[in-house]
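Since the structure of chain A is already known, use the hints to place chain B on it.
There are 2 protein chains.
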Amino acid sequence: MSILVVGSVAFDALESPFGKVDRCLGGSATYFSLAASFFTPVDLVGVVGEDFTDEDMQVFSGRDINLDGLQRVAGAKTFFWSGAYDYNLNQAQTRDTQLNVFATFKPELNEQQRKADVVFLANIDPDLQMDVLRQTAGPRLVALDTMNYWITSKKESLGRIFGAVDLIVINEAEVRQYTGEPNLVKGARQILSLGAKTLVIKRGEYGVLMITADSIFAIPAYPLESVFDPTGAGDTFAGGFLGYLASRPTHDDRELRRAIIFGSVLASFTVEKFSLDRLREITIEDVRSRYQMFRALTQFEDWEG
Amino acid sequence: MSILVVGSVAFDALESPFGKVDRCLGGSATYFSLAASFFTPVDLVGVVGEDFTDEDMQVFSGRDINLDGLQRVAGAKTFFWSGAYDYNLNQAQTRDTQLNVFATFKPELNEQQRKADVVFLANIDPDLQMDVLRQTAGPRLVALDTMNYWITSKKESLGRIFGAVDLIVINEAEVRQYTGEPNLVKGARQILSLGAKTLVIKRGEYGVLMITADSIFAIPAYPLESVFDPTGAGDTFAGGFLGYLASRPTHDDRELRRAIIFGSVLASFTVEKFSLDRLREITIEDVRSRYQMFRALTQFEDWEG
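Residue numbers (my numbering), protein chains in the order written: chain A, 1 to 305; chain B, 1001 to 1305.
One chain only, chain A, in its complex shape:
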């Protein structure tokens, strides 16, 4: 049960009240792949420049991540993003974005990638997402992420791809921006009416809300005493969530809920250190142990009269 991710592999510059890094590994497909690889083999499709060294490439090593789809373009530079956070770690302020090799990125899937069981279209141009989707051969589950930039600049394209996938992973603020509806549940229903079966709404430090036609699941984020860098938390969440699902034979409500917890667990590790540092050092035992802590955090008993 393999999973295909199409997205960015990047260098980030980050600044928060807890520190400053001028160049570290980042990118949606990077965070996603590491998280998903705890559960299932990953096929990564992306592009880097000549400045992405063999040492940088080590982030993927020792994991079941196939890099046949990761192009390295000679004489060009890797996608670069610079962001800053204040004490409110919920919202990054973008300082600089240099698309570099990403500006002309046009993914072509090979035979193996076309047959992927689960597909994640990370946050890229919705027309490109559609182009990738058309190259696949009937995957069991297709999910996408997006961002405010595409809601503003390509709303029609976004509406088309929203209607063509099974599952949408999106921020709370983006639901409100896309629909103009202040009530989140109503906004979610509007987006689902376009065709997707499941909407997974990321609420940062407040957790996740999953809405389908006949079920709502809400879960807080894991409360941490040390949050250093929220970069990549959303992509890590998506990786844990979809990676777990790809490893399971069925995707019923029970499995979707477990997947939400595994995604939340992985995201809670990511934010504990800068860049992918924490994600690189944890083991599946750490993940399972925090899953149990999540149960302890949220469980309550039925009421006895």
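Just so you know, the hints here were simulated from the structure itself, not pulled from any lab data.
What you were told as hints is all true, and nothing was included just to trick you.
Heads up, simulated DSSO-like pairs for lysine-lysine below, C-alpha to C-alpha not over 30 Å straight-line: (1) Lys155/A - Lys106/A; (2) Lys1186/B - Lys273/A; (3) Lys1197/B - Lys1186/B; (4) Lys154/A - Lys77/A; (5) Lys77/A - Lys106/A; (6) Lys1197/B - Lys1115/B; (7) Lys1020/B - Lys186/A; (8) Lys1186/B - Lys20/A; (9) Lys273/A - Lys20/A; (10) Lys155/A - Lys115/A; (11) Lys186/A - Lys1273/B; (12) Lys1077/B - Lys1106/B.
Negatives, chain A to chain B, calculated, CB over 12 Å: (13) Glu15; (14) Ser37; (15) Ala74; (16) Gln112; (17) Leu128; (18) Lys273; (19) Ile282.
This structure is a prediction, so every number in the text was calculated from the model and none was measured.
C-beta: ideal position from N, C-alpha, C; glycine also.
Same frame as chain A, but now just chain B:
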């Protein structure tokens, strides 16, 4: 197992994108009493003016709410608060506050009130809260609420009463304001170090976080498609939470968690209509039914390998 609440009975003027009311019933002790009375007899200590009519008093009728402690002052007016909300219903903008009879409120407990099993000191001057606490005779559980105004104007008094109660109900923003600590868990530990055993942090539409020395419980708010008026949600929560606890022989972690759910359930009803309108029409069966819906909303199973 009776519960004593000391707080405001008020008239409110409210405006939100969903409507406008020039004068309706409000006040922390009013919301609290109605919510708590679903579970346990309530003793209300407060004050109103001559303008608080017998018809207004009907809000308490048919419930086990003892009004011996509700003074009516001739020739004076009832506490009045005017507030507005925009589409973001999380934060009220105060337009006007007229203390009226509340300016000289100095609660004197009678014999029965002194012997209350559970005491809730609603949001009033922390020196008054301490004065009331000193009049009580060893209650099983004392809880308080406060607000940003007292953190700014009476921080020392607030610190003293924080150290003298068992349980503090407080907003997320107030934890950060009081401690100057952006991390909520760290801030909570700072406040608990003053003496209270349990901190219950209200996060509006994002639910509740309960922190003790050895346990954290987090729960989202019930996602509603119709939220009209968040006024009183926090006091309703406190009423359901403490009312349930007052009705139980033990206050262990299991019961505290159930109490958080009952509080959340009652608050979710309050916001569905203006003022106390929804709280007045629901039955204990409605409350029990939504408790079950809360379980369906938040439950997930253990992971199977």
